[in-house]
Amino acid sequence: MKDRNFARFVLPNVLAMVGTSCYVIADTYFISVAEGSDGIAALNLVLPLYGLLFALGSMTGTGSATRFALLNATGNAEGRDYFFNSVFWSVCLSFPFLVAGIFFPDKVLQLLGADGNLVMLGKDYTRIVLCFSPFFIVNYTFTAFVRNSGSPGIAMAATVVSGAFNIAADYVFMFPFGMGMGGAALATGISPVISIVICLTGLLKKRDLFRLSFRCVSFVKLIKSWSLGVSAFVGEISVSLTTLIFNFILLGLAGNTAVAAYGVISNTALVVTAMLNGVSQGMQPVASGYFGKGEDKALKSVYVKTLSLSVAIGALSLIVVGAAAEIVVALFNTEGSAALAEIAEPGIRLYFVGFLFAAVNVANAGFYSATGRGADASAISVSRGFICISVAALVLSETLGIVGVWLSFAVAEIAAFVIGIAFSALKKKIGRKRSVSV
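Numbering of the sequence shown is given in the working numbering, commencing with residue 1 and proceeding in unit increments.
Calculated directly from the structure, the hints in this document are not laboratory data.
Among these hints, one or two may not hold up.
[What the hints assert, rightly or not] Pairs of lysine-lysine, DSSO-like flavour, derived with a Cα cap of 30 Å:
1) 293 to 221
2) 224 to 107
3) 224 to 205
4) 107 to 205
[Unchecked claim] Derived DEER-like restraints, expressed as beta-carbon distance ranges:
5) 175 to 401: 36 to 46 Å
6) 120 to 175: 19 to 29 Å
7) 74 to 219: 40 to 50 Å
8) 293 to 110: 27 to 37 Å
9) 401 to 327: 22 to 32 Å
10) 7 to 107: 45 to 55 Å
11) 78 to 323: 23 to 33 Å
Even glycine gets a Cβ: it sits at the ideal position worked out from N, Cα and C.
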């Protein structure tokens, strides 16, 4: 029964997260057909915006839904307030993006490193994506609460259906309608709207679990949610931060072609990252329930399954990409650019080594978050998502050039893994000393 419970939550969430990654994958493919390598480069410069939107949505939505699950497992009625609180703050967080999209999308692109040609190419795409930012952020709240209230199948259906729409609408808007990159952005922007509508069907059936009132709104509740959602935040933002840093370094090393090559790598990596985050987030309501009830044996079983599945995903992705790098790159290299292929094919093989260690880090951070160990989750998440990747990319690019850029992801994940072990050991040592002194 417990095995089925784990699979019932994790598998739909993995499929849902992969469906989310299809938003950008579909954009990349169709843009490569329509605009070539410059289109991929322009899109890759915009990817950090997606990551930031997804990260804020995930931290708020997943964190709030995890807090709801923990309180609900212990019968605490305060858990009913977290859905509305999450929706309210998610909308508030979207306002700066909305303003930027309406008034100065070109300035945003310039800040992300775009030259004049890429600004002209990606301006409409950036404007539309930012104008749909409220839906991107709020969608995480709807899918997380549907999943954590016991309907993971509906959350999966919402994401898969919206992803399928995105792929179909990409083609229709870009080619028959002739809207170019703006059409790809419109298709992507409408997708979370569809997801939210589908999730509403699941939430309405369980509306007794939620209280819809402005009395639910509390900044303190938001902070409590964020403390459990920080690992989800970093799981999303780490891809964006990596993309942002790599874009600037690669522009300096080899120009737009190198950025386009990284666009191919990062979009492929997005699928694996989505799967790892899907396992981590899907496990959380199960782990939170067992933790709240004090079922330690079942909780340990959930951790072992989560870690094993994550490592299997990381290893399989490395094997597949190692064997089929030329095919993966050719899928997006529709112009047949030899320069792009020369950079991307060895790069993707080196980059994917990092997923062997990222798998462990994401699993550990998610489990710690689900069981109320916010400090442990933060130590792993912040080190891998911000500190280690920044230092590794800057140092290795100076010494090894482009090869150093690709290797920095693996080096950063190894360093974060070591930091996580050291932090846990230090906490245990301090705990023992306090116990002795008492």
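Please check whether residue 74 and residue 219 have a Cβ separation lying inside 40 to 50 Å.
The hint (40 to 50 Å, Cβ to Cβ) is violated, given that residue 74 and residue 219 are roughly 23 Å apart.
For the pair supplied as a hint, residue 293 and residue 221, is the alpha-carbon distance within the 30 Å limit?
22 Å, holds
Pair hint residue 224 and residue 107, alpha-carbon separation not exceeding 30 Å
It is violated: about 34 Å lies between the C-alpha atoms, which goes past 30 Å.
Does the hinted range 22 to 32 Å hold for residue 401 and residue 327 at CB?
26 Å, holds
The hint says 36 to 46 Å between residue 175 and residue 401; measuring C-beta to C-beta, is that right?
Distance hint for residue 175, residue 401 holds at roughly 38 Å.
Per the hint of 19 to 29 Å, is the separation of the Cβ atoms of residue 120 and residue 175 within bounds?
Holds, since residue 120 and residue 175 (Cβ atoms, about 20 Å apart) stay within the stated range.
For the range 45 to 55 Å, tell me whether the beta carbons of residue 7 and residue 107 fit it or not.
47 Å, holds
Range hint compliance [Cβ, residue 293 to residue 110, 27 to 37 Å]:
53 Å, violated
Starting from residue 107, check that the Cα of residue 205 is at most 30 Å away, please.
Between residue 107 and residue 205 the Cα gap is close to 44 Å, so the pair fails against 30 Å, i.e. violated.
Go ahead and decide if the range 23 to 33 Å is satisfied by the Cβ distance of residue 78 to residue 323.
At 51 Å between Cβs, range violated.
Would you mind confirming whether the straight-line C-alpha gap from residue 224 to residue 205 stays at or under 30 Å?
27 Å, holds
The earlier numbered hints that this structure contradicts are 2, 4, 7, 8 and 11.
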